[in-house]
Structure formats: C-alpha cells, structure tokens
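Undergrad: Here is what each chain is made of, one letter per residue.
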Amino acid sequence: MTGVSAALHTPYIWPHVWLILLPLLAALVSTGLNRSRTHFPALLPWGQGLLLLCWNALTLWLWLGGVEGGVNETTTRITFAPLVGPTLVWTLLTDGPALIMALLTTWIGTATLVHTGLRPDAASRPSAPAAFWPLAWLLMATLNLIWLGADLLTLYIGVEALGLLAVAMIGLNNTPGAVDAALRYLFATLLGSLAYLVGAGLLFGHYGTLELATLAGQVSANGATAAGFGLMLAGLALKAAVFPLHGWLPAAHASALLPVSVLHAALVIKASVFVMLRHWLAFGPAFADTALPLLVGALGAVAILWGSIMALQQTRLKLLIAWSTIAQTGYLLVGFPLLLQGDAALQQLVLQGILYQMVAHGLAKAALFMTAGHLVTATGSDRIDQLTGTGRHLPLTLLTLGLAGVSLMGMPPSAGFVAKWLLASGAIGSGQVIWLVVLLAGGLLSATYILRLLRQAFREGPEQDVFQHPSRVEKMTAFLLALMTLLLGLMAIPLLSLITLPGGGIAP
Amino acid sequence: MSWTSWMPVLVLLSSLVTALVIFCLPENRHITRGLLNLVGAVIKILLVGVMVIGVEEGMTFEARYTLLPGVDFVLRADGMAMFFAGLSSVLWLFTTLYAIGYLENSPNRSRFFGFFSLCVTSTMGIALAGNLFTFLLFYELLTLSTWPLVVHRGTEKALAAGRTYLMYTLTGGAVLLGGVLWLHGLVGDVDFREGGVLRDMPLALHGQFSLIFAVLIVGLAVKAAMVPLHGWLPLAMVAPAPVSALLHAVAVVKAGAFGIIRVVYDLYGIEFAASLNLLWPLGMMAAITILYASMRALAQSELKKRLAYSTISQVSYIVLGISLFGPIGTIGALVHLLHQGFMKITLFFCAGNYAETLGIHDIKDLDGAGKRMPLTSAAFTLGAFGMIGAPPLAGFISKWFLGVGAVNAGMTWALWVLVASSLLNAAYFLPIVHRLWFRPRRAEGWPKEQQLSQRFETSGWLLWPTVATALTIIGAGVLAGMPFSPLSWAQLVAAREYLL
Amino acid sequence: MMSSVWLVAGSGLVLIGLTGFLLTPDLLRRLLAFHITGSGALLLVLALAGADASGDKSIVPALLVFTGMLVGLAATLLALWLLRRARQLALHRAAHTDADPGS
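Chains as they are written, first to last, in the numbering used here: chain G, 1 to 508; chain Y, 1001 to 1500; chain B, 2001 to 2103.
Keep in mind that the hints were calculated from the coordinates and are not lab data.
A virtual CB, placed ideally from N, CA and C, is assigned to each residue, including glycine.
Mixed in with the good hints there might be a few duds.
[Unchecked claim] According to the in silico footprint, chain Y covers these stretches of chain G (three or more CB under 8 angstroms from chain Y):
{"#": "1", "segment": "160 to 168"}
{"#": "2", "segment": "425 to 436"}
{"#": "3", "segment": "440 to 454"}
[To be verified] Here are some chain G residues pointing at chain Y (derived, C-beta under 8 angstroms):
{"#": "4", "residue": "V84"}
{"#": "5", "residue": "L88"}
{"#": "6", "residue": "R392"}
{"#": "7", "residue": "P412"}
{"#": "8", "residue": "P413"}
{"#": "9", "residue": "W421"}
{"#": "10", "residue": "R459"}
{"#": "11", "residue": "E460"}
{"#": "12", "residue": "P494"}
Throw the hints in and build the complete structure from the sequences for me.
TA: As structure tokens, this is what we get:
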C-alpha cells in the first residue's frame, strides 16, 4: 500500500508543516481569485486579506507558543512508504533560526502584498500583473521550505525553486531591461545550483547521508569534504550576490517591479545566505584552522567597502539601494569567521547577531525599497537629484527613509544596532579586533550613502506641493516596517531568546 | 514598578511624547504646537524638580530594563544626573519660547519642533543614563536628532555644514562605540557609580583600561569640540539661532563634556584615573583647546562665529576642571557646566535678536546698537562680563573654583592658562561691548531692520527669554551660597564623588 | 571502474559547457551551453554519489539527479519564455520606432 504517514514526534507537528502548506494553498486560491477578477473584483482583496490573516496568526502562534513552552526546536518526520522500494523519511526542523526567518517572511510578505494592493479597486487599477499573486505565495512557501529544510536535498530543491520563481517574478516587468536582467540572473542562479548539486553529490558519496545533523556529527576535514563544502558555498555565494559574484544583482533589483524588488532584496538573498549559514554551522568547525574563515570574512569586508563605494556613486535611487544590499550582505559574512571562534556563549552571541542582521536588513531594506517606489512615483523620476523638496512635502515618506536608514547604518536605537552590537561583541570576545574595525567602518560608510539621499530631500525645492502622493495604505505599510526596525532595536529579547545553539555551542 | 522608577521614564516621555505628537500635527496648527511644547517643558521642569529634592534627601530613582542579553538599559537619577537634567529642562523652556518667536512665519515648523523635542529627549537621556551603554544610545540619538536642525534651512551652506557635522559626530560615535564594546568585553555591563567602579577590577586589566580611556575620551571629545576635533562647531553656526543656542549651551557640546565627567568620575573614579596617570594629558588637551580657540575667536569678524570659538574654549574649562585632582577643581568643573550654559545661551539669544531685528551678523555693524536695543545689549554685556569672569557674575564663581582647584592640585600651569584665557576673553568680548554702548550708530543705518514689536525693541518672544537667562547669570553668581544653587549642588555632588 | 568513466565524461562535459557559456554572448547559445554543463554535472553527481562508502545501493543519488533534471526542464521553459518576451519587446519597440520616427 502506498501511503504517506506523518510520525508525531511532538504535539505540534502540523503547524510546522502548515508553514509550507498554507502559502502553497494560498497560491492556488490566488490563481482562482485572479480568474474571478473580472466578475467579482472585491473577491481578490478580501480573499488575499483573509489568507494573510491566517498566515500571520499561524506564525505568531508558533512564536509565542514556542517561547512559552520553552520548545525552541521541533523536528517533524514525514515517512513515505511506497509500495516498492525503500522507505523514505523526510525531516523538517523548526529551530530558533528557522522560526525567526519564518516570522520575517510573514512580516515582509504581508507588508509587500498589502502594499501591492488590497484596495477594493485593486482589480481595476492593478499595480502588479495577475501572475504576481500566485508567484509571490509560491515564493513564500519555498522560503519556508528552506528555513525548515534539514537535509541537502530539501535545501537544494528549495534554493533551486526559489531561484526560478525569483527569475520569473523579475521577468514580470514589461521592459527589455527587466527581461534581460532576469535572463542574466537565471544563468547565475542555475550555475549556482549546479555547483551546489555536485557538492551535495560529493558529500553523499563520502558520508552516505544528506542529513545536515548527521553530517555535522561525522564531518572531518578531508579533500572530498573540502571540495563538496567549497562547491556548495561558492554556488550559494553566487545566488546571494556575495562579492565578487554580485554582478547580476544591481540590474535585477533596479529593473524589477517594486514588490518584486522588495521580496528579492529582503528575503530571497537572505535564503541563500541562510543555507550558507546552515552549512557553515555543520561543516565550518572542521575547517576552523584553515584559511577559509578568513577568506569568507575578508570577502564580506570587501563587499561592505565596495558595495558602499558603488552605492555612493549611483545617480539612480533603486541602483543605490541595490548596491547597499551587496554591502549589507557583507555584514552577514563578517559574522561567519566569528562563529568558529571563542567559547559556546560567544558563538551563540554571533549567531544571534547574524540572524538579527538578517531581520534588521530585511525589514529596513523592504521599507527602503517601498519608499523608493513612493519617491519615484512622487517625483516621476528615479534620479536622486530629483528628490529636492520631498522632505517638506512628503514628511512621512522621508521619516520612513530616515528610520530605515538609521537601522542600515547600525545606529541606535534600531535592530541594525543590536545586530552590530552582537557581532562586535563576538569579535571583541574572541580577540579579533579587525572585524570590529570592519563593522564600525561599515556603519560609517553606509551613513554616507543614506545621508546623501536625506540631504537631497532636505534641499528646499518648490514652494508648492507638486508631487504625486502615494496612497495612505502604501505610506503606512512602509512606515510600519521601518517602525519595526526601531521597535526591534528597543525590544530584542523576544526574538533573540529563540536562538540557542544546541548544547550551548556548535559541535566541535 | 514603583513611582520612583517611573520618574526618570516620565522625564524622558514628557519631551518624547511632545515630539511624536508634534510630528503628527499639521503644519498650520501653530498655537496647538506652541502650547504642547510649553506644557511638555513645564511638566519636565516639575518632574526634574521633584527628583532634585528627592536626590538631595538621598532617594534613588532608577528604571532598569534588559535590552539585550547581558546589557541593561538603565535610567538613574543621581546628583550628577540632576545637574545636567536641571540645566537641560530649564533651558529647554527658554529656548522653546525663543524658538516660537524666532521661527514665526517660516516653513517646516512641525519638523523643527519635533526634532527639537527629540533633541531634548536625547539630552535628558544622556543626563539620566545609568551606564555607558545607555549613555551611548542617547549620545547617538542626539547626533541623529540634531542633524535635521542644523540643516533646517535647506540651503547649500546649511547642508554642507550638516555634512561636516555628521562626519565628525558619526565618526566620534563609532570610536565611542568601539571603546564601549571593548570595555564591555572586559568587564561586562557596569553601572555608573559615585567614586567609580573600575578600580575594583583585576590588576591585569589596568593597562587596557588606560587605552580604553583614550578611546572613550576621543569619542566624546568630538562632541565637546576639543581641538583638533572641533572643526564642525563653527560651521554649524548656519543653523537657526535657537538651535545654535541649544547646541552650544546644552545639548551637543555639553553631552560631550558630561560624558567625560561620567567616564572620569563615575566609571573610572577620579582617584583611579589619577593613579593611572590619565588626568594630566586630559588637562593638557583642555589647556591647548582653551588657548587656541580663544585666539581664533579674536580673529573672527562674524558675531556667531566668535561666539562659536568662545564656546570651544569655554567648554574645555569644564574638562580642565575635571583634570584637576581634588574636590575644588571638581566643583569648578561642575558649576561651569551650568554657568557656561546660562551665559552662552544668553549670548546666542542676543546674537539672534540682533540678526532678526536689525539684520546684524558682523561685529562691525553693532556700533551703537545699545541705544536701539538696550535690554538685549544689557543682556549681552552681562553674558560677556560673565564669560570674562567678572565678579559677582556666574563666570567668576567658576573661574574662582577652577583657579583654587588648580593651586590645590599643584598644577600651577593651569592657573596661568586660566589667567591668559581670561585676558583673551576680555580681548574678544570687550570691543563688542564697547561698540554696543560707546560707538555712534553707523551712517548707513542697520543692514536690514524689521519692526517686530510696537512697544519693545524686538518681539517679546525673543526679548523676555533673553532677559530671563541674563538674570540667571547674576542670580547664579550673587545667590551662589543658597541651597539648590548651582554651586551648592556642585558641592553636594563633589562631596559624594570624593566620598567625603 | 565504471564510476571513473562517468567522472571523466562528466568533468569533460562541464568544462566544454562552461567554456561555451563564458565565450558566447548570445543568450540562446548560452542556454544550450548551460544544458551541456548541466548534463555533465548530473553525470558527476551519479559518479560521485554512487560511490557510497557503505556500498549500499541508495536511491538518494537517483533522487538528486532526478530533481536536477526536473529543474533543468523548468529552467529551460522559463528561459525560453523570457527569450520570447525579450524578442517580443524588442519587436514591439522597433515597430513603435518605425511608426513614430519623430521620437
């Protein structure tokens, strides 16, 4: 008999699986809603609103339930027993990092979908093509699959599907530039996945398993492991636009539709880095004494420097933000070598820092891209020098820009500051002062390009308000995201307490 | 939470809530905005007043909250905190009144007053910060909330000044953050405590403590505008007069000076800092700043620029006082923190009045302004004589204690620095006073005269705050012996620092 | 041994594919070059993962390769869709420019 049976290892098995199932279902429903768009225009916003509500309730419940019960880690095993052939066990792991990323996905996903249009007139004045909705939901499902993935095959399927979805979404924009950028991105992501696949095959050949937890227990520093680990890291780095493999990113971000840029910069890039992090925690300790940690950290440092310099030279708003993403990804990598230093408490601090940086950057970057969209609408141009006078007539938009910018600079009080503090504490605790200098200098560099925008906006322009204002819903969603970076800077414990390393540290 | 832990929180909220509400107000609700500002300022003064009395009686007001694993956000009202909080809350009221008049009929007032209140919130946070982390938080918030004020006019000059301001202060903030992180890595989360806390730490760490001290002081010296990190201050003069007044007298430079006070007294402890040989380099830095900036002030022809260099020099009096080991020097430093605030804010208000009413920016245009604007000119004269240190004004008290402190500490060179700088003060202030009262009015008339009031020399909003702060200069000097005067409060704090 | 044949063949295909991929600017040719690379990579996976240390016949390598093939198919469809869109947009623009020479 062919059957799928789910082994109940914890009382909460289904909620975790629903993290993936619910968005999948929503994608299906969205397709239906799109079909009914012409006949029942009100159905689309209401239906989407209901789906978003369910999704938020689910993640919130998991978060609060997890903290109260002290259950920070749940393993879900799903057994496939086909009629012929061996039985397969598929494992999903919901630990602190996964839960944090699922929360971030919910927040940013909700904000993006609301921003894209839950207005009653959304059907008559669509701000995105109909295909956007199902694709966006599929993207969320894939992201959650990646956060929960506990073996190399699941992660491979996740990053691969994510890459294809992201390419399709970038290609939604009807400009030759966007289609061209999507194609370039497609080749980058495909090459990255191939490298990952070969690496996974190599590791399976050597260890006979694809489960990360099992691999982490057996791993030793030999040639095959080095080659496999290296191939996977390189492949993922290409997908995450890690310096010097970042060439595809600026064009892709700058030419995509606004909500697509938001999702891509805030979540899709993070997914590749997150998978890198999972692998780093499993295989990294075996390579702690090699030049690898230094190399990864150095790439991060160069990314911060180069990304910031390039951001400073852009004349177009969205390009500036895209380059800033490259720089900010560098911060995450700077944390990688620190994960392998010091005692368990210190490593936990650094892991918290890396994840908090993902959250901080995700929220701030989403707010920033939305604000950029508003400013482009308002001034009718993507040029930074057209921002003159916006400070006076679009105060809320500029406040959003300022708050998000503060978090990107890592200035208190903001989530970005908390992340910087944690990473820097890790650097100091393990005596690696060089990374501290990189982090502090990086903050100053990001200040230079953020302030360039603010300065232009503070320049006094026309006396009369000549700008086309975005809708109130759009302004408020962007503002709330920026406000979250502020609040998470003042209340860091609820999220940080989710992250404890198993056994207090990384396996030696 | 008991009411004592709510007090410091409420003090912050009184201006934070004001700021948030003002941000949301439509641009044309001028009266509501003015009222909100005043109500907020008065509530703050009352709250601070209650805490001052409480602290005098030995009560502690403390609010604590764990922000990060191993890092607490602490607000605590001790004697030192109340010193700075008192200054800020009183001067906020005066400056708000002044700013309402000064910005009449100008655009972007919601933005201005919003950030103004936020700036005061940061200053109060700096005053009440109970550990270095909390101090850093508000120190950076201050940087962020003052930038929109500096660039408020949106002109090229203002934007360029704002850029320089941020380059200096953000870099200073990053250096300070580095120092705070370093110290945190060594000793964890330590609260400020009277008499200092680091002395009790293991001897092996003392070498690093000296280095951290240098890092922290460099980070703080940027805001305190100590030479050679002072470049931003004269440029920041392009801001509207109330902003300059606030930056110079209360918020930014004082935040730096107050930070140095906290680090020396309540983190290291004055005796420990002296035993590590950290005080004399600090004193030398201050002495150089005092003399260099006074000389530069002499060369300025623009009134606000001259006042700016005078600020640079005067703030370092505080630092000089800190570096004098001994309670008398401490009293001098603390009392100057307040006195300089009152004197400098008066001088800037006057400069604003001259600029608004008569269009005067250059010193040479001030000839004969005493007859046209007698009250403003009288206030200016009081401020100038106070700065020079003429008895019985506030500045005399500061200089007296600094001088005696220098002799007691055996640092006679510091006394000579004080004498030389007083001569320089006289050299750059007396010619202005002379022009005001004894020179005939220039033949070509005032550069740009405006009739702002029928009855008075200028608008009442501009005039009365100026007169009021000028009176405090006399009051702080003449009534120095009274309880709750700046001097007696400084004596109380110094007694607690030296555990006498 | 069989696996070394796969290994050599796979590496060869990957090399050829990558060379083509890097040398040609034409997007359709790049797609073809990617396919050669992909086939090589799948061969490599079979060769590397097949040599399981324990000697057991596992279906995991087959699963990996199967997934890789599915992905390749999806990617090809996506690339063709994008290429067609690019061509359409280019044609559209050309038509626009012809009809409106002033712009």
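Undergrad: Looking back at the hints listed earlier, which ones does the structure fail to meet?
TA: The structure conflicts with hints 1, 4, 5 and 12, although it agrees with all the remaining ones.
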